[in-house]
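There are 2 protein chains.
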Amino acid sequence: MKHSNIDRCDCTLIHEDVVNKVKSNMPEEETLYDLAELFKVFGDTTRVKILWALDETEMCVCDIAALLNVTQSAVSHQLRVLKQARLVKNRRAGKVVYYSLDDEHVKEIFNQGLVHIKED
Amino acid sequence: MKHSNIDRCDCTLIHEDVVNKVKSNMPEEETLYDLAELFKVFGDTTRVKILWALDETEMCVCDIAALLNVTQSAVSHQLRVLKQARLVKNRRAGKVVYYSLDDEHVKEIFNQGLVHIKED
DNA sequence: TGAACACTTGAACAATTGTTCATATGTTAT
DNA sequence: ATAACATATGAACAATTGTTCAAGTGTTCA
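Line by line, the protein sequences are chains A and B.
For the first sequence, this note's numbering gives the first residue as 827, with consecutive numbering after it.
For the second sequence, this note's numbering gives the first residue as 827, with consecutive numbering after it.
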């Protein structure tokens with residue numbers, strides 16, 4: 827989005843000790859960025875559905891499109907995003923390309939998310 | 827984004843049995859939607875940083891702004907998003923509002939994500 | 001070779017997002 | 001009351017996103 831390079835806090839620093847302590851314990855900027863990027867990938871219904879489906883079995887693009895009731899093109903675009911995030915892999919069998927999960931943690935992350943959703 | 831209400835698969839259905847089986851095992855539409863919405867909240871660096879910081883200790887808005895080097899307004903906006911997602915809660919102490927985590931699973935979800943990032 | 005099929009890709013577009021700025025609210029102390 | 005301060009909020013804006021459409025690969029089979 828919009829980012830100025832003269833970012834600065836515009837109010838009085840109240841608890842300098844707390845800020846410094848937390849700052850020293852924060853992971854590297856890049857790590858947190860990568861983490862956000864990963865969750866961004868999970869932050870779309872179509873992709874969540876694809877991952878959920880692939881956790882069950884490998885599927886070809888056309889089948890995924892039929893399952894989710896979206897265009898094959900849309901699925902293809904999303905599969906590219908998932909592949910770039912190293913969440914899925916694919917194999918070609920003639921004309922057909924089969925996609926499958928490339929990470930065992932996907933379901934675990936989903937389950938943790940579900941725990942949060944379920945509690946109210 | 828753009829959604830037509832006459833979505834349809836535009837290619838031949840190749841493995842109808844697979845599609846039907848996966849479809850019958852898929853969670854409800856709403857569940858997957860909520861899951862994506864939750865991860866969308868995690869999909870921003872500023873919010874990830876805020877959550878990471880609050881996992882350490884409760885903080886006031888001004889301190890968070892100083893820690894992340896962003897405006898107090900930007901932090902306030904993001905805290906609202908986090909609160910709506912029931913990830914943080916707040917308490918008022920005079921003029922100062924302190925925010926803290928409202929979910930013990932946040933760090934667990936982050937850790938799962940980190941596992942994925944770390945492997946290459 | 002060429003038609004048919006499965007899939008990929010790029011441009012275009014509306015919708016959504018995150019920040020900034022200005023202003024409003026709420027609390028304290030004088 | 002009024003000033004000072006911490007925070008919240010609304011409008012505006014550029015950047016990003018996800019889908020569609022059209023055209024492109026790549027593979028098979030006649």
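Worth double-checking, as some hints may not be accurate.
If several chains are the same, the list does not tell them apart, and a pair holds so long as it fits within one copy or across any two.
Said to hold, decoys possible - Once the Cα atoms are required to be at most 25 Å apart in a straight line, the calculated DSS-like pairs of lysine-lysine come out as:
hint, residue 1, residue 2
1, Lys866, Lys921
2, Lys915, Lys944
3, Lys847, Lys866
4, Lys944, Lys921
5, Lys933, Lys915
6, Lys933, Lys921
7, Lys909, Lys944
8, Lys921, Lys909
9, Lys915, Lys849
10, Lys866, Lys915
If you're looking for bench data, these hints aren't it; they were derived computationally from the structure.
The hints, checked one at a time:
For the identical chains of this complex, Lys866 and Lys921 are neighbours neither inside a copy (31 Å) nor across copies (34 Å), given an alpha-carbon limit of 25 Å. Taking identical chains as interchangeable, the C-alpha atoms of Lys915 and Lys944 lie at most 25 Å apart only when they sit on different chains, with a minimum of 18 Å there against 31 Å within one chain. For the identical chains of this complex, Lys847 and Lys866 are neighbours neither inside a copy (28 Å) nor across copies (28 Å), given an alpha-carbon limit of 25 Å. Neither within a single protomer nor between protomers do Lys944 and Lys921 lie at most 25 Å apart by alpha-carbon distance, with minima of 42 Å and 34 Å respectively.
With identical chains, the CA atoms of Lys933 and Lys915 are at most 25 Å apart within one copy only, with a shortest distance of 16 Å there and 28 Å across copies. Within a single copy, Lys933 and Lys921 get their C-alpha atoms no closer than 29 Å, and across copies no closer than 43 Å, so neither meets the 25 Å cut-off. Proximity of Lys909 and Lys944 under a CA criterion of 25 Å is satisfied inter-copy only: 16 Å between copies versus 29 Å inside one chain copy. For the identical chains of this complex, Lys921 and Lys909 are intra-copy neighbours only, at 19 Å inside a copy versus 48 Å across copies, given an alpha-carbon limit of 25 Å.
Only between protomers do Lys915 and Lys849 lie at most 25 Å apart by alpha-carbon distance; the minimum there is 21 Å, versus 37 Å within a single protomer. When the C-alpha separation of Lys866 and Lys915 is checked against a cutoff of 25 Å, the pair qualifies both within a copy, at 19 Å, and between copies, at 23 Å.
Hint check: violations occur at hints 1, 3, 4 and 6; the rest are consistent with the structure.
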